[in-house]
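Using the sequences and the hints given, assemble the complete structure.
Residue numbers (full-length UniProt numbering), protein chains in the order written: chain U, 1 to 396; chain G, 1 to 257.
In short, the hints are calculated from the structure, not lab data.
On a predicted model such as this, the values are computed, not experimentally measured, just so you know.
By construction, the Cβ of each residue, glycine as well, lies at the ideal position given by its N, Cα and C atoms.
Nothing false has been slipped in among the hints.
Below are the EDC-like pairs computed for lysine to aspartate or glutamate, each with C-alpha atoms no more than 16 Å apart in a straight line:
hint, chain 1, residue 1, chain 2, residue 2
1, G, LYS58, U, GLU343
2, G, LYS58, U, ASP341
3, G, LYS58, U, ASP342
4, G, LYS7, G, GLU75
Residues of chain U clear of chain G, computed beta-carbon distances all greater than 10 Å:
hint, residue
5, ASP50
6, PRO55
7, SER72
8, ARG84
9, THR120
10, THR134
11, GLU193
12, GLY236
13, GLY250
14, ASP279
15, GLU296
16, THR310
17, GLU327
18, ARG380
19, GLU390
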Amino acid sequence: MTESTLETTGPSGLEEHSHGGTEVPPASRGHRFTSYDVEAFEVPGGREEDWRFTPMKRLHGLHDGSAAATGSLQVEVGGDSAARVETVGRDDQRLGTAGAPADRIAAQAWCSFTEATVVTVPKDTQPADAIVVTVHGPGRERTAYGHIQVRAEPLSESVVVLDYRGSGVIGENVELIAEDSARLSVITIHDFENDATQVSSEHVHLGKDAVFRHFAVSLGGDLVRVNTKVSYGDRGGDADMLGVYFSDKGQHLEHRLLMDHSQPNCRSNVTYKGALQGDSARSVWIGDVLIQAAAENTETFELNRNLVLTEGARADSVPNLEIETGEIVGAGHASAIGRFDDEQLFYLQARGIPYDQARRLVVRGFFGEILQKITVAEIRERLEAAIDEELAAAGT
Amino acid sequence: MATLEIKDLHAEVETEEGSKEILTGVNLTVSSGETHAFMGPNGSGKSTLAYALAGHPKYNVTSGSVLLDGEEVLEMSVDERARAGLFLAMQYPVEVPGVSMSNFLRSAATATRGEAPQIRHWVKEVKQAMGNLEIDESFSERSVNEGFSGGEKKRHEILQLDLLKPKFAVLDETDSGLDVDALRVVSDGINRYTEDGDKGVLLITHYTRILEHIKPDYVHVFVGGRVVESGGPELADELEKSGYVRFAGKKEAAAQS
Ligand SMILES: Nc1ncnc2c1ncn2[C@@H]1O[C@H](COP(=O)(O)OP(=O)(O)OP(=O)(O)O)[C@@H](O)[C@H]1O
Ligand SMILES: [Mg+2]
Numbered sequence: 001m002t003e004s005t006l007e008t009t010g011p012s013g014l015e016e017h018s019h020g021g022t023e024v025p026p027a028s029r030g031h032r033f034t035s036y037d038v039e040a041f042e043v044p045g046g047r048e049e050d051w052r053f054t055p056m057k058r059l060h061g062l063h064d065g066s067a068a069a070t071g072s073l074q075v076e077v078g079g080d081s082a083a084r085v086e087t088v089g090r091d092d093q094r095l096g097t098a099g100a101p102a103d104r105i106a107a108q109a110w111c112s113f114t115e116a117t118v119v120t121v122p123k124d125t126q127p128a129d130a131i132v133v134t135v136h137g138p139g140r141e142r143t144a145y146g147h148i149q150v151r152a153e154p155l156s157e158s159v160v161v162l163d164y165r166g167s168g169v170i171g172e173n174v175e176l177i178a179e180d181s182a183r184l185s186v187i188t189i190h191d192f193e194n195d196a197t198q199v200s201s202e203h204v205h206l207g208k209d210a211v212f213r214h215f216a217v218s219l220g221g222d223l224v225r226v227n228t229k230v231s232y233g234d235r236g237g238d239a240d241m242l243g244v245y246f247s248d249k250g251q252h253l254e255h256r257l258l259m260d261h262s263q264p265n266c267r268s269n270v271t272y273k274g275a276l277q278g279d280s281a282r283s284v285w286i287g288d289v290l291i292q293a294a295a296e297n298t299e300t301f302e303l304n305r306n307l308v309l310t311e312g313a314r315a316d317s318v319p320n321l322e323i324e325t326g327e328i329v330g331a332g333h334a335s336a337i338g339r340f341d342d343e344q345l346f347y348l349q350a351r352g353i354p355y356d357q358a359r360r361l362v363v364r365g366f367f368g369e370i371l372q373k374i375t376v377a378e379i380r381e382r383l384e385a386a387i388d389e390e391l392a393a394a395g396t
Numbered sequence: 001m002a003t004l005e006i007k008d009l010h011a012e013v014e015t016e017e018g019s020k021e022i023l024t025g026v027n028l029t030v031s032s033g034e035t036h037a038f039m040g041p042n043g044s045g046k047s048t049l050a051y052a053l054a055g056h057p058k059y060n061v062t063s064g065s066v067l068l069d070g071e072e073v074l075e076m077s078v079d080e081r082a083r084a085g086l087f088l089a090m091q092y093p094v095e096v097p098g099v100s101m102s103n104f105l106r107s108a109a110t111a112t113r114g115e116a117p118q119i120r121h122w123v124k125e126v127k128q129a130m131g132n133l134e135i136d137e138s139f140s141e142r143s144v145n146e147g148f149s150g151g152e153k154k155r156h157e158i159l160q161l162d163l164l165k166p167k168f169a170v171l172d173e174t175d176s177g178l179d180v181d182a183l184r185v186v187s188d189g190i191n192r193y194t195e196d197g198d199k200g201v202l203l204i205t206h207y208t209r210i211l212e213h214i215k216p217d218y219v220h221v222f223v224g225g226r227v228v229e230s231g232g233p234e235l236a237d238e239l240e241k242s243g244y245v246r247f248a249g250k251k252e253a254a255a256q257s
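Quick look at the structure:
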């Protein structure tokens, strides 16, 4: 396991840390304990491998049972009408099939939600437009637990947007299921108000020859922690996991991925890019890839890059690859944290381009590779504008 | 007529062991219509001079002055210097991932010309300039310098020179790393830039072979962070034959005086 941190401290400059040698890595990060019972998990104290990067105080009790539900999520589904939208109770048999909670907050959310939204893309349909699920937080100083399931039936082809907004404290599970030969693209946008806390566990399950594309975008909120696990139910599953995040002053944005290759002939590609600016802006990226003994001919690659734009920000990046079979097509990972590149800025400015514009070009360029893969033009433009706005807000 | 006057320029760079003076008093005046060749051993500070003129943040100018038509360049930001008409073709051009060459060129032209060029006219202009430098059209959509070979980067520096038409250009070893054909193509590009006689060039090089294509009016020998001798083209021939040995002592003498 290689782990890298770039911390920019005060005006004295930048320090680069590399730890990893001193800590004993856990036996396996890929094989994880799961349970639907919250009491099966101990209350985390903050030193555990899974929690050591998370500021526990800012979880508002989601992790220790003290956060009682005092509000609810407001979920609206719009966009293409081809999807079937249902609000169901806890007892709906379809819920929980994509995966079981792997940490205490996910289990707490599972035990605490009262109703779930199930969005189904019917078999063999190809909705022309995106299906847009807008989720509003419960409001300031309120806590809500939620559950969402998106199910793409066999041979369907669709784009689903999960658009998170508003305030409050949220614990939830999200199931994203692509059944056999379905093509499902999900764009998740975490664009909360400044106060919001969200801890989300995403359970992705792929059927035979299913193609899954995920774009995760984190912009707003005080603390956003997203756990995404991809599991393969059969051969031929193909997952592309792309993410961008922009962490501002005081924000904590954490993305933890686990690609669990348990089937042969599957593929995964993870690319996350983040920018940080402002005092105490934090980002954490954990990329675990497990290739189990049965998963022959796996092809996987993961990459995380961070751009630290100002002093006082800190990025942590931990890629981790566990391989239990020798028969793989290819596996690799890379992670890099760079300071904002003065040389690039200098080059652009030396051609007459003013500082602000040069900075915008470099940051847009950094994210561009990912943003250009977002096929929904509206969303792509919204994100480009949001990034420009973040840059403008920082001033110079 | 424009002039670029460098007067007693001192500059240092921050190193682990503290700051280190690299430019030790550079004096030079370049007028439009002139080409000055600049030759000196490795590490003598030629690139440092080029960067200091362009305003690279790593180099600290401690004293001296650089006037472009009487205006103090040292008080300008990097982009202001470029807009005022100063251009630096870098020894090692920088890669800027995710920014396409076409977007970059257009942004640069808009900035230096003060208005966005007419799109139809611009497309033709770029096509023509790329054709002249034998650059394939496909480069327009590639990221700035990313994955370009050394020679391709140099051609693109001259492409920018051609399109931005600055008053003064500092060309830092634009000839190194070029094969014979590329050297001819790039030299032709530089000659096209100067053909109207209203541009000034400061050509940094280690080799006289580029001087067969580009005729310098003056040759300067740069040692120990300053100009130690100036002369005509014949000085370049002497350097080619005998190297810098004769000048090594001058640096000490100059430092003692
Ligand atoms: N950022 C830096 N940190 C430390 N030393 C530096 C830095 N930049 C330049 N120097 C030193 O300054 C001196 C001059 O370097 P410069 O690159 O200007 O030389 P040059 O004449 O262009 O050499 P070359 O012919 O090899 O290109 C060298 O000794 C170099 O090591
Ligand atoms: Mg040099």
